[in-house]
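Chains as they are written, first to last, in the numbering used here: chain A, 219 to 448; chain B, 201 to 434.
Check before you lean on any hint, since a few could be wrong.
Restricting the straight-line Cα-Cα distance to at most 25 Å, the calculated cross-link-like pairs of lysine to aspartate or glutamate (DMTMM-like) are [as the list claims (entries may be wrong)]:
#1 B/K309 / B/E297
#2 B/K309 / A/D292
#3 B/K309 / A/E376
#4 B/K272 / A/E288
#5 B/K342 / A/E408
#6 B/K272 / A/D292
#7 B/K309 / A/E240
#8 B/K417 / A/D292
#9 B/K342 / A/E240
#10 B/K417 / A/E226
#11 B/K342 / A/E242
Away from chain B, derived, C-beta distances all over 10 Å, residues of chain A [as the list claims (entries may be wrong)]:
#12 L223
#13 A229
#14 L236
#15 V238
#16 L239
#17 H250
#18 D254
#19 Q361
#20 P412
#21 T433
No lab work stands behind these hints: they were computed from the structure. We put the beta carbon where it would ideally sit given N, CA and C, even for glycine.
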Amino acid sequence: MDSKLTPEMAAMAAELALGVLEGEERAEALRHALSDPAFAEAVRQWQAQLDPLGEGFAEAPAPNLWSAIEARLDAQPRAEEVSKIRIWQGATVLAGALAAGLAAVAIFNSAAVRETPQTTAPVVIAQLSGTDGTLLAANLDTQGGALTIRAVALPQSELVPELWVIPGDGVPRSLGLISPEGMTRVALSESLRPLVVDGAILAVSLETASGAPHTAPSSTPIAMGKISAI
Amino acid sequence: MIVLPALPHRYVGWRANYSPRNRAAAGGFVYSSLLDKHPPDNAEDMSNADLATARRSELSGLLERVAGGDRKALAAVYDRTSAKLFGVCLRITRDREAAEDVLQDVYLKVWNRAGRFDRTFASPITWLCAIARNAAIDWVRKHGTLVLPVADPETPGSAEIDEAMEAMAEGEERALIFDCLEALPANQQRAIRLAFFDGSSHSELASIMQVPLGTTKSWIRRGLQQLRGCLESG
Numbered sequence: 219m220d221s222k223l224t225p226e227m228a229a230m231a232a233e234l235a236l237g238v239l240e241g242e243e244r245a246e247a248l249r250h251a252l253s254d255p256a257f258a259e260a261v262r263q264w265q266a267q268l269d270p271l272g273e274g275f276a277e278a279p280a281p282n283l284w285s286a287i288e289a290r291l292d293a294q295p296r297a298e299e300v301s302k303i304r305i306w307q308g309a310t311v312l313a314g315a316l317a318a319g320l321a322a323v324a325i326f327n328s329a330a331v332r333e334t335p336q337t338t339a340p341v342v343i344a345q346l347s348g349t350d351g352t353l354l355a356a357n358l359d360t361q362g363g364a365l366t367i368r369a370v371a372l373p374q375s376e377l378v379p380e381l382w383v384i385p386g387d388g389v390p391r392s393l394g395l396i397s398p399e400g401m402t403r404v405a406l407s408e409s410l411r412p413l414v415v416d417g418a419i420l421a422v423s424l425e426t427a428s429g430a431p432h433t434a435p436s437s438t439p440i441a442m443g444k445i446s447a448i
Numbered sequence: 201m202i203v204l205p206a207l208p209h210r211y212v213g214w215r216a217n218y219s220p221r222n223r224a225a226a227g228g229f230v231y232s233s234l235l236d237k238h239p240p241d242n243a244e245d246m247s248n249a250d251l252a253t254a255r256r257s258e259l260s261g262l263l264e265r266v267a268g269g270d271r272k273a274l275a276a277v278y279d280r281t282s283a284k285l286f287g288v289c290l291r292i293t294r295d296r297e298a299a300e301d302v303l304q305d306v307y308l309k310v311w312n313r314a315g316r317f318d319r320t321f322a323s324p325i326t327w328l329c330a331i332a333r334n335a336a337i338d339w340v341r342k343h344g345t346l347v348l349p350v351a352d353p354e355t356p357g358s359a360e361i362d363e364a365m366e367a368m369a370e371g372e373e374r375a376l377i378f379d380c381l382e383a384l385p386a387n388q389q390r391a392i393r394l395a396f397f398d399g400s401s402h403s404e405l406a407s408i409m410q411v412p413l414g415t416t417k418s419w420i421r422r423g424l425q426q427l428r429g430c431l432e433s434g
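The following block holds chain A by itself, in its conformation from the complex:
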């Protein structure tokens, strides 16, 4: 167990599962959980071992919050109730509509835009937005080898954001997990580079950290936007 991890990383995985980490240490551990499958597995194993302690919590009479919960259920679409294929096809249409609003986009890397002479490769950007103010901004390296995405506002979740590209064929391909806070640099493999181009859709869904990159999203996207060259 933990054989792939250094003792320091194995200890960090245990501490993340227990919940004692805070501040930068917690952020670092969460980043490892996103990017390192062996670390994520170690966290999962520790959780499986520690979770039965939860039975030791004492009850406290809860106020009746059911109607409030039910109201929030009404406001939330349920992925399983709608065909996933239809959702993702619809995503393309919706993203087109969002792209129409891109005129008002707050360009993520405006300094880079200013410093890029018109004669060189265009700056490629996307704004990914969703309901509840979810907002991410992305830009593509001029060589197309990597994409930088910044999470501006994401809903709080134990799940982690996974980035997808939906090219013209409408089939989402995972670009991997991204950080729920701050910037993530996403290296694009040779096979993905031709897909991450002007006009393709970028989308983010919330997924479990284990098993990523996934072959298909498990739920509706929380944000999406069209890639635009400007």
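Knowing the structure of chain A, use the given hints to seat chain B on it.
The following block gives chain B in isolation, referenced to the frame of chain A:
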């Protein structure tokens, strides 16, 4: 963070109104809502262990219906588990309003994630408590806490957990981890209990236990290693 010598009135208040001892004495179980509201026909003939198994099986079945999009099943899960999960949220956030917000989030998470519950791998109440604990810890790491729990094992907080564990030992088979936890040296055990049940962070542990940060970190790490050794040899 402000370390107060005593807990604020609000924190003490709900404890004063709620006695797990009375509840355990009346119902025989800490996790008693299933039994109270839905007694099996042959309740008198069933042993405590049978009842525990019946409750677990019923709750697992409800979660499986939630996974299929059955809202009434989620309402039934809320009915049976909200006191337990509110206990988790309140204990860790130490703020009633926050605990109510987190509890709502918890049931939305249950709604969205019920498809991942697998009764062959986890007890339903363990699975639910883990969602609640993680959500509450996310909240306190994001917002901070106003007060620290106290380390004295004679405080009501620790006593409640002891009672919960005693009641559980009477009512159903107790998880091995409780025996492993009790076998740890006192300081390691206390640090891990505070971290797990009160959501205390490394720096909070150092403040509560009044030792350097490196000392509590080492207690936590050695304690977790010994726990794992115990679990894997048991």
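Tested hints:
| no. | hint | result |
| --- | --- | --- |
| 1 | B/K309 / B/E297 | 19 Å, holds |
| 2 | B/K309 / A/D292 | 14 Å, holds |
| 3 | B/K309 / A/E376 | 9 Å, holds |
| 4 | B/K272 / A/E288 | 10 Å, holds |
| 5 | B/K342 / A/E408 | 38 Å, violated |
| 6 | B/K272 / A/D292 | 13 Å, holds |
| 7 | B/K309 / A/E240 | 23 Å, holds |
| 8 | B/K417 / A/D292 | 44 Å, violated |
| 9 | B/K342 / A/E240 | 9 Å, holds |
| 10 | B/K417 / A/E226 | 12 Å, holds |
| 11 | B/K342 / A/E242 | 12 Å, holds |
| 12 | L223 | 14 Å, holds |
| 13 | A229 | 5 Å, violated |
| 14 | L236 | 5 Å, violated |
| 15 | V238 | 5 Å, violated |
| 16 | L239 | 7 Å, violated |
| 17 | H250 | 16 Å, holds |
| 18 | D254 | 19 Å, holds |
| 19 | Q361 | 37 Å, holds |
| 20 | P412 | 34 Å, holds |
| 21 | T433 | 17 Å, holds |
The structure shown violates the earlier hints numbered 5, 8, 13, 14, 15, 16.
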